[in-house]
Amino acid sequence: MRYSIRQNGESRSFPLGESFLDGAVVDATAEIAVYLGSPVVADAGKTAVLVELHTECLAQHVDEAAPDSRNVLGFARYRNGALPPSNLVELVRFPSSNDGAVEAAKALLETAGMTVVVCADQPGRILDRLLRPKYNAALRFLEEGLATAKDMDTTCKLGLGYPDGPIERVVNGGLRHHYDVTKALFETYGTAAYAPPRQAVAAARRKEQ
Amino acid sequence: MTQKIQTVGVCGAGGTMGAGIAIVAARAGYSVICYDTVEAPLMKTVKQTEAFFQKSVERGKMSTAERDAVLARFDRTTDIGALAKCDLVIEAVFENLEVKRKLIGRLDEICPPHTIFGSNTSTLSITEIASGCSRPERVVGMHFCLPAQLMKLVEMSPGILTSEATFQAAWDWTVGCGQIPVKTQDKPGFILNALLVPFNNDAIRAIEAGVADAAGIDTAIKAGLGYKMGPLELIDLIGLDTQVRLCEAFYPITFDPRAACPPLLRRMVAAGLLGRKSGRGFYSYAGNAMFGA
Chain A
746 MRYSIRQNGE
756 SRSFPLGESF
766 LDGAVVDATA
776 EIAVYLGSPV
786 VADAGKTAVL
796 VELHTECLAQ
806 HVDEAAPDSR
816 NVLGFARYRN
826 GALPPSNLVE
836 LVRFPSSNDG
846 AVEAAKALLE
856 TAGMTVVVCA
866 DQPGRILDRL
876 LRPKYNAALR
886 FLEEGLATAK
896 DMDTTCKLGL
906 GYPDGPIERV
916 VNGGLRHHYD
926 VTKALFETYG
936 TAAYAPPRQA
946 VAAARRKEQ
Chain B
203 MTQKIQTVGV
213 CGAGGTMGAG
223 IAIVAARAGY
233 SVICYDTVEA
243 PLMKTVKQTE
253 AFFQKSVERG
263 KMSTAERDAV
273 LARFDRTTDI
283 GALAKCDLVI
293 EAVFENLEVK
303 RKLIGRLDEI
313 CPPHTIFGSN
323 TSTLSITEIA
333 SGCSRPERVV
343 GMHFCLPAQL
353 MKLVEMSPGI
363 LTSEATFQAA
373 WDWTVGCGQI
383 PVKTQDKPGF
393 ILNALLVPFN
403 NDAIRAIEAG
413 VADAAGIDTA
423 IKAGLGYKMG
433 PLELIDLIGL
443 DTQVRLCEAF
453 YPITFDPRAA
463 CPPLLRRMVA
473 AGLLGRKSGR
483 GFYSYAGNAM
493 FGA
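Residue numbers (our numbering), protein chains in the order written: chain A, 746 to 954; chain B, 203 to 495.
Hints are not guaranteed to be accurate.
[Stated by the list, open to error] Pairwise CB distance ranges (calculated):
#1 A:Pro-840 with B:Arg-469: 16 to 26 Å
#2 B:Pro-465 with A:Tyr-934: 12 to 22 Å
#3 A:Pro-784 with B:Ile-382: 49 to 59 Å
#4 A:Glu-855 with B:Ile-382: 50 to 60 Å
#5 A:Pro-760 with B:Arg-469: 41 to 51 Å
#6 A:Gly-858 with B:Gly-412: 27 to 37 Å
#7 A:Glu-755 with B:Ala-411: 23 to 33 Å
#8 B:Gln-208 with A:Ala-894: 28 to 38 Å
#9 B:Arg-469 with A:Asp-772: 50 to 60 Å
#10 B:Asn-298 with A:Arg-885: 22 to 32 Å
#11 B:Lys-424 with A:Glu-755: 24 to 34 Å
#12 B:Pro-314 with A:Ala-894: 33 to 43 Å
#13 B:Lys-424 with A:Pro-760: 17 to 27 Å
#14 B:Thr-239 with A:Pro-840: 47 to 57 Å
By construction, these hints were calculated from the structure, which means they are not laboratory data.
In this text the structure is predicted, and so the values were computed from the model without any measurement.
Glycine residues also receive a C-beta, built at the ideal position from the N, C-alpha and C atoms.
Isolated chain B, as found in the complex:
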């Protein structure tokens, strides 16, 4: 029998991913404590959460009484000590090993021995993150996809020292939240990014090699395989600077040439072409329209 989880803490809840995870936990009926170091983004998360559940009411997915009950269990704090009452804390802070390792170490000092620590890292090693605390057996990888409140997938990874009981408890909690977990080894990028980052780089290199333009490549992928989005459209969506960061996270630990940052990508980022968020990447965006760059 796995342990009972009642209260869930989310670190980095002022960010998009953290806010989504908090909504997932609240929707499933858990008491949620949203933690971040600054109040303003936390308030934004609270407002987004209220709006999300209001929409659920309007769509007939929950009653107003249920909405009020969920929001009554939804708390926010800038005091990390408030997480002491949590049975599960999921961190979704900046993707940096030292930052995450220090945070887990701090939580280790604050939380009771039974508390499980989940890391939402998409690229870093769970084992290395867990090395910052005295209970690595209670640290587990829980990588949600953006936006977490809409995407069902969670990549779950045990570190070398993660106990079976911890992994099972986190797995059961994830399933109980209505998410769909998949189990992966603690390897760089797990499944999703390990396949996606080099594939996206290959698409950029195909442009560099003059095989086709971005629109041609995306059209081929969509029409040939039935994908909803081509790789260049996807890079524009996630941000070219994010793709650079992913390359920089992957290549030094995998030495996979496909994971190395393509020169064209670096040049485009240097030119301020970051994708949708800057209005131009592999395509130009004017309003909702998209034009091949």
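Isolated chain A, as found in the complex:
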């Protein structure tokens, strides 16, 4: 299936040089439209319209109740801060989304070598929703002196077989990035587990100065 790309600014999912960018056609009749950046224009004539998401929900781009949004889906390739993107794509759908659009989007991304999981349009999707509170807890434990960063990371690697520990992961991804994500999640969920931790707030303030 042919796809066109409308890009506005740098894409976190498909940075410059990604072969997915080269595979796009410059043709208004392409069956799938991929938006890497706003503004998004719903087009019921397409098989699917894909919108790259950051910390925001898909509903921020299109009205999920509108009939011409049934083929509009969100997606985000998981990427820990500035580190290279993984091959995991979270494909976001509304309850009212057209199943055919979901299948077409999934097929397109899988053909591009991605592992695709479908999820609902909720803040943080799957990964940030699950991981950010864990990183927050690890940072809090570190502040409280539960253990050293090295021992916490070692525990997770040896005890759970993780390739890296929570502290090294959140630090490698960037505390500033962690701040941006947790701030967005906290604004929506309002629960303490998502509140940006002191270290991330400090990193954000330093950047502002």
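Position chain B relative to chain A; hints supplied.
Showing chain B alone in chain A's frame:
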């Protein structure tokens, strides 16, 4: 210089964790006394230990003479008084504060003053466990991971009254056994469970919230982070009922909302969906195959 440990006792040696700890100690060359209240599980441990070291011989990791020497130092008993000759006793009994506190108190009456008591608790306070004896300075947390004979990690925690000498002696012993210790404060769940239990609950709540199904969540975690197992697969492995017990141990002492038992988890346990051991949890298991539930 830390004290010399020669004989190690393991309480609850009829259980999986106790048996693993006994193997770790025996493999490192210590005389081991396996204690449990009932003979049958102890015999099972002895058989498992013999099989484990036989495999080691077959894999070329030890000679038959070394195997025989290890097994000759491996003893079992249902008489707690036999632990009187131990320099270190590690308890791996049921995860209940009163049970562990009473056991440490009993060992305190039996063992000589120099004996160190290690607790394999994964959630309880070392300080509270030690409050059952007259030598809290000689009680230390030593949390091994399942299966202890294969997993290197040991979370080691001093209680408020644990002496530095005791902690160091237990630490040195652990390192001498080829394990990798990490030091944590005496706080609920130490490091591993303090991070894992709420994380697993969050994964269950994501299902409840309709974010994705179990397979989607596990795939995202594995593909996105390179984990070997997703959280729902892990809960199926450890048992959904075990996850409930962990929540019940954590929430009343931490009041962390993430540690509270998700309603879906309780309903699944009520329905008999306990994970791999019952054949169905977040996934269905038929033989070795796994299907998304």
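Violations among the numbered hints, reported as their numbers in ascending order
4
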